[in-house]
Amino acid sequence: MRTPLAWRNLTHHKVRAATSLAAVCVTITLIFMQVGFYDACQRSVVRIFDQLDFDIALVSPQYLSLWYPGKLPRRRLYQAKGVPGVASAAPLYVGNGSWRNPQTRAEYEMVVVGVDPREHLLRLPGLAAKAVRLREEDTVITDTVAQPYFGSLAAGAVTELEGRRLLVVDSYAYGPGFMGNAEVLVSDQTFTRVFAGYPLTDVTVGLVKLRPGCDVAAAVRDLEAALPGDVLVWARPRLEENTIAYTMRVKPLGIIFSSGVVLALVIGAVILYQILASEILSHLREYAALKALGHGNGYLTWVVLQEAVLLAVCGYAPAALLSAGLYAVSRYQTNLPMIMTVPRLAAVLLLAVLMCSLSGILASRRLRRADPMDLFS
Amino acid sequence: MWSRRTPLAWRNVMHARARLATAIAGVALAVLIMFVQVGLLNGLYDTQSRIVRLFNADLVLVGKQIESVLPPRPFPRKRLVQAHGRAEVVAACPVYAEEYRAFWRSPGAHEYRLVVFGFDPADAAFQIPEVERQAAALSQPDTALVDARGKGLAEAGATAELSGHHLRVVGTFPLGPDLRVDGTVLVNDRTFFKCFPDRGRGPAGRVAFGLLRLAPDADAFRVRDELRHDLPDDVRVLTRQELAELVEDYWAKNQPIGYVFGLGAIVGFAIGVIICYQILYSALVERFPQYATLKAIGYDNGYLVQVVLQEALYLAFLGFVPGLLASAAVYAGLESVSGILLRLTVVRVALLLIFTCAMCCLAGALAVRKLLRSDPAEVF
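So the sequences go chain by chain: A and B.
Sequential numbering of the first sequence, starting at 1, is according to the working numbering.
Sequential numbering of the second sequence, starting at 1, is according to the working numbering.
Calculated directly from the structure, the hints in this document are not laboratory data.
Just so you know, these numbers come straight off a predicted model, no measurement behind them.
All the pointers check out, no bait thrown in.
Calculated lysine to any residue pairs in the SDA-like style (CA-CA distance at most 20 Å, straight line):
| # | chain 1 | residue 1 | chain 2 | residue 2 |
| --- | --- | --- | --- | --- |
| 1 | B | Lys370 | A | Leu21 |
| 2 | B | Lys78 | B | Asp234 |
| 3 | B | Lys253 | A | Gly175 |
| 4 | B | Lys253 | A | Ser98 |
| 5 | A | Lys71 | B | Ala109 |
| 6 | B | Lys370 | A | Ser282 |
| 7 | A | Lys71 | A | Pro199 |
| 8 | B | Lys64 | A | Asn101 |
Bound-form chain A, shown alone (with noise of 0.2 Å):
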């Protein structure tokens, strides 16, 4: 077995391998807070649906997300109902309402949901039986996850949304995101009294159910087939795509979030090569000996990239464990759904990984300058 030439290279000056080993742990720490924010923004917007039970949406032809939604006609709904296959089509609707904080008197913009109590549309454990309340006259149910200036949410409050006096009858834990602080849900006879006799025949989005076993891209061609042009039938996943598109693509905190993750990339990458360089530099002599002694070029690249790799597997663990732990806070902090994932805990790793070995192969071109002659000037 030879000497682990890498390893003790590394663990030769104790505090130099210390502070390199926290400039890679703080850099994949800088990647994975991106990721996150980037995720939880992406998560956010199609929060709501998360919630809902359903296939395929049907939304206008102006749907961009939630808060940019269009509206269909009611009649729509109807038409699909008739579609073989559907087993149900509900309507949902989405405003922005001002609701009165009891205490303060204050009022606050949220997120109101409607949704008719009869059908059943929610799919959060527990969440479908509070439901059943919302059938009496002016009940509401809220996410008690939101910012603590909306007061109480729990039960048995009384409130105000939209200046109409509403009761809380159940709550519920899940979180609303970015842009929207709070959520709550009401039924559709509610919602038309809240905003001032909305008319209930403009859908926010309709909310299509297959019968188990029905092939999802055959309903969608038939309801497209069966439905005029002012409505779009998309399935659920690409609901979620288009509406995270729009978000990412268009909206600024989208485009900050996706241009954060790149920055931290580039940003990791020149890290993660000035170390490796300057690794190599404060061994460069050693190197040279180690010419001297016949060994190749090829023998020294493959060291230091084994240095690389080394480098961000140690820098790599305290990282992820530092991540989930501010993952952790921020979800405390913000509400946001910062969520720690397996495939994301693989990626970047692997990530960290291919940086890190490709800084090394770069910085291991200073190695050609280690001339064993050098060593005896």
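Given the coordinates of chain A, work out where chain B should sit on it, guided by the hints.
Just chain B now, kept in the frame of chain A:
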């Protein structure tokens, strides 16, 4: 500190040009990260209050009770008439606004939602040169000025539909989208009432913003306080600055944005400290014999600390300049793709310079500890 002795720190910094280049690049990178994060943080708030800061007004009346301020909660126009009753108020101009029911359709494009402001073009309600210049054209019936930086708005000369009502686009002005809205359209007040008839003309009408201009010698704060006392509490009286700050505070307090970009700036600072430490430390180790010699011939630790800190400051300044230039370029690029206002104000540049110096000094202080423990005898 800056004596006429041999400028050792400067010579040290300048000695190895290749290392200096990477050092400057490293500091510049940290400066860039901090600038971008801090710029975005401020930019997102600046963007939200941008339209308010463009109001041509000393005091602004806004509806009570809504904390987010935008979109405004309309209030009775009577309040504006009452405010105008004061001698110091030389002009009281109503601005109408519609956000949730304003749908814009350009020919051949999909309809989409934006924000519409209605005002009397003779009032010069917005301090936007393009709007002031085109006031005459805008006072024609059924005309609109559109935000040239908004998404999907028509060119000048085109026709378009606003909530089903046909309009002629007579010109553009540069504004840009913000976190809430994708575009802005300005129309005259009569056109506004045609598009949104329920907003009502006459005394029953409801106003989104009441812009008050005061006589040149009037004390805005005194008039504000007196108006607050005189007017019923369905309106708030604010200076333009206060209103802008209210909008910014709302976003700062209520959105995760501050947290997200604040964290980013801290990470940038940490990266900067680590990079600078690495650079200073390896420079120190390399010259260890020289420093030890200095000690041996009688220089004390204080002098060595001074040299290292001086080196750190040189690095800070040398890295700050390219960092600032790179940030200016990134600001321009991000502003044009995202529409977020990114402004390099003197205060922000000064603040970042202080942070950069702090970052480098912290790194220098960490790196110098090794030197302090060194024994001249070791070298020989």
